[in-house]
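Novice: Spelled out from the first residue to the last, the chains are:
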Amino acid sequence: MTDVIATSLADVKDAVESAIAAGHRLEVRGTGSKSNLGRECNADAALDVSKMAGIVDYQPEELVMTLRAGTPMDEVEAALADARQMLAFEPPRMGRISSGPRSELQGTIGGIVAANLSGPRRLTAGATRDYLLGFEAISGRGELFKSGGRVMKNVTGYDLSKLMCGSFGTLAVMDEITLKTLPAPETSQSLLVACADFAAATKTIAQIFATPHEPGAAAILPQSIAAEEAVDTGGAFTVIIRLEGIEASVADRIANLQAMTGGETIAKPASETLWQRIRDVQPLAEKPHDLWKVSCAPSDAPRLVESLDSAMGVRFMADWAGGLLWFGASRSRDLGNRLRAVVAELDSGFAMLVRDVAVTRDEIAPFQPLPAPLFELHKRVKASFDPRGVLNYGRMHSGI
Amino acid sequence: MLMPEPDQQVIDRRDDICHALRKLVPAACVVDSTESMRAFDADGLSAYRQLPLAVVLPETVDQIAAVMKWCHQNEIKLVPRGAGTSLSGGALPLADAVLLGLGKFNRIHEIDYGNRCVVAQPGVTNLAITHAVQADGFYYAPDPSSQIACSVGGNVAENSGGVHCLKYGLTTNNLLGVEIVTMEGEILRFGGKHLDAGDYDLMGIMTGSEGLLGVVSEVTLRILQKPATARALLVGFDDTDSAGTAVGDVIAAGIIPAGMEMMDGLAINAAEDFANAGYPREAAALLIIELDGPEVEVDALIERVEAILRTAGASSVRVSQSEEERNLFWAGRKSAFPAVGRISPDYLCMDGTIPRRRLPDMMRRMASLSQQYGLRVANVFHAGDGNLHPLILFDANIPGELERAEDFGADILKSCVEMGGVLTGEHGVGVEKRDLMTIQFTEDDLKQQQRLKCAFDPGHLLNPGKVFPHLHRCAELGRLHVHKGKMPHPDLPRF
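Going line by line, the protein sequences match chains A and B. According to the working numbering, the first sequence is numbered sequentially starting from 1. According to the working numbering, the second sequence is numbered sequentially starting from 401.
Calculated from the structure, these hints are not laboratory results. A couple of the hints might just be wrong.
To be verified - Cross-link-like lysine-lysine pairs, in silico, DSS-like; alpha carbons within 25 angstroms at most:
hint, chain 1, residue 1, chain 2, residue 2
1, B, K814, A, K146
2, A, K379, A, K146
3, A, K146, B, K847
4, B, K423, B, K469
5, A, K203, B, K469
Throw the hints in and build the complete structure from the sequences for me.
Specialist: Right under this line is the structure:
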């Protein structure tokens, strides 16, 4: 079977039906900006959906945008900026964690949805999965189906949109999707607070979140990275808090938090650059390292950080108040195994290999292995959409 | 509404079934006398009543698992029930099904301010979560009108909303983790205190699945710091079109109010008679707009919103100057349902959603349907997110009037779908809107949903007769018609 460039769901349906008939597997891809996420598919052919692109309907005052999954992120963000709106989950540019030509790839909205990728504001505003209102797609059975809708409040039938987010194209191939948009904040500022150690940093964040001053994002940088990013506070760790809103509100809230913490502030341009670099993991990605992402309860973050040996040569930083940890190391096999073991002990969260430079995705599974009962359920869910394993088979887990 | 034909053979085995269940849970936890079971014969959709085969009220998660496993092995249907406040019949019993009540699971396990979450049993009421954390300045955001009674497990099953969804989301956006028991009796955890799923978002699928995929046995809920302040505007308009436009103007100005409610003339007057909230009786439409957040922000935004509303042609604007006044503005809205209950012997509460810009069209459609059916309709909306709650007034004692009201309601929901909206915004499909699903969904849409059901409950034992108008056997749904030639090695299992 040869590669297919689809321009419509009819093309996708054709390709899936042909693959079913021939017993072939397809790798569904957009522009390839996230092709380092997950396992290699070893498919018989590629199904390129990047031509299924364009904004179909955007009604800013309705807070909804309907667009095709292959729409490039620049186009999405330009349309939003024109209407002074945003995707509140702050989608990252995953191309930027790559090296070489892939680092220039802006990616597509469909890729963001398929990988359920969210940026710093995820902590308070929710993830991609909280903003996908509906979609239409071709399942691995070659059948057209839709779920959800174009309205914000909807409980009609199962919420399949949630399942599409983070399924890495293993269930269905989406065309039109509808996202909830929100007004962009009028301004933003950040507060920097010096902390003696990592645990103190997470405590400082918890204290700030126990005030009514509406912090919107919270990251932690070790001193070495803080210095590189020109936000060194002199503490072993620097907590960065972002506040957004109307001018008067941001000024008032940051003054209150400054009085409480004794921190310093950085203004909008520097603050915006810094958060974009955190969003795209730039402080770690610029080194030629393997990269790991850990999702955990914020209060478990100190334990994960403390489990590292200095011999591992790890650089790390935290976002989402500690709930998202990024680790980079020149050879990460031991690091990965350690993170997986601690996460398994905590029985909450996961550790994912997101960039393999030294280790390969063959020697260490990119996704945290699932416990047997959950794996079986995942297999049944996969089979309910894609019984022959036509779509991105094995991208997440072997056998799914 | 036709429910699945009860299996007489199961009903005949009732004594044996109760006997077996009493071996799995303490004997007093099985309720089987007709008199005692009356308390469970309906939920919030009280037009439908049915005695269950038996009621089981387990006390531990292991007991839930044991009961479900036994029912699975013996092919006995099971209907889960939280507080029984569903407005769509989600917890309506079946004559040949065991009703699994979760009322005894009423404890909060953990309050975790460090991670800003609460871990609770499913039978804890929605409001009890806020009560447990409010002394420390926190609250749980989803606030369905039944929050004093409804359970958080039921909130997950129905993906409950409330008046503050526009800014704070539905249950699905405020849930961090669930523990569920599958029909096979397996205890699984999806999510937890961490934020992202990492694999398939099975927690997202459980939320709003109306008790068809599993029984929620524990929830982890996100709690938020209470906003520093909240103020409300009470705004009258001479026509509903202008009110609808004004709602869009506020959002177009980049302002997301915590709540934005709309009432029509009939609802305004019924509410005013009931609550004496000072509503403008002569207005054709009333908006209640609430802004919350830091004081300086709320004060500044109130001014902006007031200017927008005056430009949009508001006939009266009042801004709350105190907590008492803000609560008074809400008192009328929050009593709208009982207030309408006073002006009519019965009413049906509908729950569709439309794209907000279609509000004026919808108002006209409802007025003409009201004439056509000869029944009055009072309207309260969550205007910010386009969620309608038309209340159809009727008298069940007049023969044929309930049926006429139901037909009227179905026509309203059909109109919602025609205008690009959906059948239900927050009340769920249940039995009430089950037969309307084919208006919104194609056969293939519904089959795909049912295939997902098969991944969790291949025997269709959990809450059958709800949500889906036609039940297909899982084997039939799984069949794959190969169009283009034959499978190579058809005997080779691919998974």
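Novice: Run every hint past the structure and note whether it holds.
Specialist: Status of each hint after checking the structure:
Proximity of K814 of chain B to K146 of chain A is assessed by CA-CA distance (about 18 angstroms); at most 25 angstroms being required, the pair is judged to hold. Between the alpha carbons of K379 of chain A and K146 of chain A the distance comes to roughly 22 angstroms, so the proposed pair stays at or under 25 angstroms and holds. Annotation: proposed proximity of K146 of chain A to K847 of chain B holds, straight-line Cα distance about 11 angstroms (limit 25 angstroms). For the given pair, K423 of chain B sits about 13 angstroms from K469 of chain B by alpha-carbon distance, which is consistent with the 25 angstroms threshold.
Annotation: proposed proximity of K203 of chain A to K469 of chain B is violated, straight-line Cα distance about 44 angstroms (limit 25 angstroms).
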